[in-house]
Amino acid sequence: MTMTVAAVGDVHIGRDSAGRLGRHLQKLNDEADVLLLAGDLTQCGTAAEAEILADELAPVEIPVVAVLGNHDLHSGQEAKIGDILEARGIALIENTFTVIDVDGQRLGIAGATGFGGGFSGACASDFGEPEMKAFVARARAAAEALEHGLSELGNDGVDARIALLHYSPVTDTLQGERLEIYPFLGSYLLAEAVDRAGADLVVHGHAHGGIERGVTPGGVRVHNVALPVIRRPYRLFRVP
Amino acid sequence: VNTPEAEGYLSARAERRLATDEGIHELGVHVRVEGGRAVVTGSVATRERKRTVIDAVRDELDVEIVDQLEVLGYGGHEDDDDDADDSRDRAAEAEQAAEVDG
Numbered sequence: 001m002t003m004t005v006a007a008v009g010d011v012h013i014g015r016d017s018a019g020r021l022g023r024h025l026q027k028l029n030d031e032a033d034v035l036l037l038a039g040d041l042t043q044c045g046t047a048a049e050a051e052i053l054a055d056e057l058a059p060v061e062i063p064v065v066a067v068l069g070n071h072d073l074h075s076g077q078e079a080k081i082g083d084i085l086e087a088r089g090i091a092l093i094e095n096t097f098t099v100i101d102v103d104g105q106r107l108g109i110a111g112a113t114g115f116g117g118g119f120s121g122a123c124a125s126d127f128g129e130p131e132m133k134a135f136v137a138r139a140r141a142a143a144e145a146l147e148h149g150l151s152e153l154g155n156d157g158v159d160a161r162i163a164l165l166h167y168s169p170v171t172d173t174l175q176g177e178r179l180e181i182y183p184f185l186g187s188y189l190l191a192e193a194v195d196r197a198g199a200d201l202v203v204h205g206h207a208h209g210g211i212e213r214g215v216t217p218g219g220v221r222v223h224n225v226a227l228p229v230i231r232r233p234y235r236l237f238r239v240p
Numbered sequence: 241v242n243t244p245e246a247e248g249y250l251s252a253r254a255e256r257r258l259a260t261d262e263g264i265h266e267l268g269v270h271v272r273v274e275g276g277r278a279v280v281t282g283s284v285a286t287r288e289r290k291r292t293v294i295d296a297v298r299d300e301l302d303v304e305i306v307d308q309l310e311v312l313g314y315g316g317h318e319d320d321d322d323d324a325d326d327s328r329d330r331a332a333e334a335e336q337a338a339e340v341d342g
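Sequence lines, in order, name chains E and Z. At position 33 of the first sequence (counting the first as 1) the number is 33 in the working numbering, and the numbers step up by one without a gap. At position 3 of the second sequence (counting the first as 1) the number is 243 in the working numbering, and the numbers step up by one without a gap.
Source of the hints: derived by calculation from the structure; they are not laboratory data. The beta-carbon is built from N, C-alpha and C at its ideal position, and this holds for glycine as well. Some clues are possibly wrong.
[As the list claims (entries may be wrong)] Have a look at the derived ranges for each label pair, beta carbon to beta carbon:
{"id": "1", "chain 1": "Z", "residue 1": "Q308", "chain 2": "E", "residue 2": "G19", "range": "24 to 32 Å"}
{"id": "2", "chain 1": "Z", "residue 1": "G263", "chain 2": "E", "residue 2": "V99", "range": "38 to 46 Å"}
{"id": "3", "chain 1": "E", "residue 1": "Q26", "chain 2": "Z", "residue 2": "G263", "range": "28 to 36 Å"}
{"id": "4", "chain 1": "Z", "residue 1": "A246", "chain 2": "E", "residue 2": "R140", "range": "35 to 43 Å"}
{"id": "5", "chain 1": "E", "residue 1": "G154", "chain 2": "Z", "residue 2": "D295", "range": "46 to 54 Å"}
{"id": "6", "chain 1": "E", "residue 1": "G128", "chain 2": "Z", "residue 2": "A246", "range": "25 to 33 Å"}
{"id": "7", "chain 1": "E", "residue 1": "M1", "chain 2": "Z", "residue 2": "R287", "range": "41 to 49 Å"}
{"id": "8", "chain 1": "Z", "residue 1": "A246", "chain 2": "E", "residue 2": "R178", "range": "37 to 45 Å"}
{"id": "9", "chain 1": "Z", "residue 1": "G263", "chain 2": "E", "residue 2": "F184", "range": "42 to 50 Å"}
{"id": "10", "chain 1": "Z", "residue 1": "A246", "chain 2": "E", "residue 2": "G154", "range": "19 to 27 Å"}
{"id": "11", "chain 1": "Z", "residue 1": "E274", "chain 2": "E", "residue 2": "V99", "range": "32 to 40 Å"}
{"id": "12", "chain 1": "Z", "residue 1": "E288", "chain 2": "E", "residue 2": "F184", "range": "25 to 33 Å"}
{"id": "13", "chain 1": "E", "residue 1": "G128", "chain 2": "Z", "residue 2": "E288", "range": "39 to 47 Å"}
{"id": "14", "chain 1": "Z", "residue 1": "E310", "chain 2": "E", "residue 2": "T2", "range": "28 to 36 Å"}
With the rest of the complex left out, here is chain E:
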């Protein structure tokens, strides 16, 4: 039996968003078993915006699982954002994982914001200036956490595994973006982690000018669910 997952990224909730998102989520409870939010939940990364998001999601009765995006980190209020969302029952899985029971089936979700760094043939190296090393280290830490989470879920025998990211693991879903900014849109390390540990589906956001569908080198399907890409309130997927 399959489970139905709804996913969207880059809702960029701001002070002008109140009352505008929730009205598009009214049928979600009947359509999906879980809602995934692929980062950039807020525009400026403030606690006030997180409160608005939580209000907009109030009608959603199915489990909601989220990762943060770069916008959510901008104001240094990510801990407050996490507290606000957690208090409203929204699970934030930053470099960790969770299991959701769906009518007796177990859906495993490993989450990470991820980071940039680029892709095979044009990626940053752990070399030279401390700033460059720190840049690469952030992407590597996210990939390691993702691989650990997916591996643990695999060992746990869940019925399906999803990698929930903000940054992209592949270039497939970046088609349409300017080639010059690919290194700021994702990292191949994330795809490598997915292929090592295994997953049924990867969803990510961040690349507003990209396209929906891609696949990792190991054959795992990847979907860019950034709102400007899917052009609808959410996308539905069936897993496994």
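Start from chain E and add chain Z according to the hints.
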């Protein structure tokens, strides 16, 4: 100085402002300055943000603006508050129902 290089600097300056200005933080908007005009492309979530972006580009560059910026709304299209939005919602939902992946 109206050279391609100078226009590139202007584009970068405008995009930097859109990314970093308090209350804007739009990284998905592209500003291309050519021939003394600034072409603004990409998408934002609301009409308010579109106004803010266009005003900021005008203030930063003081050139003619070609506004091609799209307002996406949260249903994935413009006119987020219009009655017409509901019919587009239904159409999008019907399309989505036919497109569930898996």
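Next item on the list: Could you tell me whether the CB distance from A246(Z) to R178(E) stays inside 37 to 45 Å?
Entry: violated (20 Å)
Note to self: Taking 25 to 33 Å as the stated bounds, is the beta-carbon spacing between G128(E) and A246(Z) within them?
What the structure shows: For G128(E) and A246(Z) the Cβ distance comes to about 31 Å; the hint holds.
Check: When you take the CB atoms of G263(Z) and V99(E), is the distance between them in 38 to 46 Å?
Finding: Hint holds: Cβ distance 39 Å, inside 38 to 46 Å.
Notebook entry, point to check: Per the hint of 32 to 40 Å, is the separation of the Cβ atoms of E274(Z) and V99(E) within bounds?
Noted result: violated (53 Å)
Note to self: Assuming the hint says 28 to 36 Å, is it satisfied by the Cβ distance from Q26(E) to G263(Z) or not?
What the structure shows: holds (30 Å)
Next item on the list: Could you check the hint for me, namely that G128(E) and E288(Z) are 39 to 47 Å apart, CB to CB?
Entry: Holds, at about 43 Å.
Item checked: Range hint 28 to 36 Å (beta carbons of E310(Z) and T2(E)) holds or violated -> Once the Cβ atoms are compared, 34 Å apart, the range 28 to 36 Å for T2(E) and E310(Z) holds.
Checklist line | CB-CB spacing for G154(E) and A246(Z) relative to the 19 to 27 Å hint | finding: violated (55 Å)
Note to self: Looking only at beta-carbon atoms, does the pair Q308(Z), G19(E) fall within the given range of 24 to 32 Å?
What the structure shows: With a Cβ separation near 27 Å, Q308(Z) and G19(E) satisfy 24 to 32 Å, so the hint holds.
Next item on the list: Could you say whether the range 46 to 54 Å given as a hint is met by the Cβ separation of G154(E) and D295(Z)?
Entry: holds (51 Å)
Notebook entry, point to check: Given a hinted range of 25 to 33 Å, is it respected by the beta-carbon distance of E288(Z) and F184(E)?
Noted result: Given a distance of about 27 Å, which is inside 25 to 33 Å, the answer is holds.
Note to self: Assuming the hint says 35 to 43 Å, is it satisfied by the Cβ distance from A246(Z) to R140(E) or not?
What the structure shows: With a Cβ separation near 39 Å, A246(Z) and R140(E) satisfy 35 to 43 Å, so the hint holds.
Checked against the numbered hints above, the structure violates hints 8, 9, 10, 11; every other hint is satisfied.
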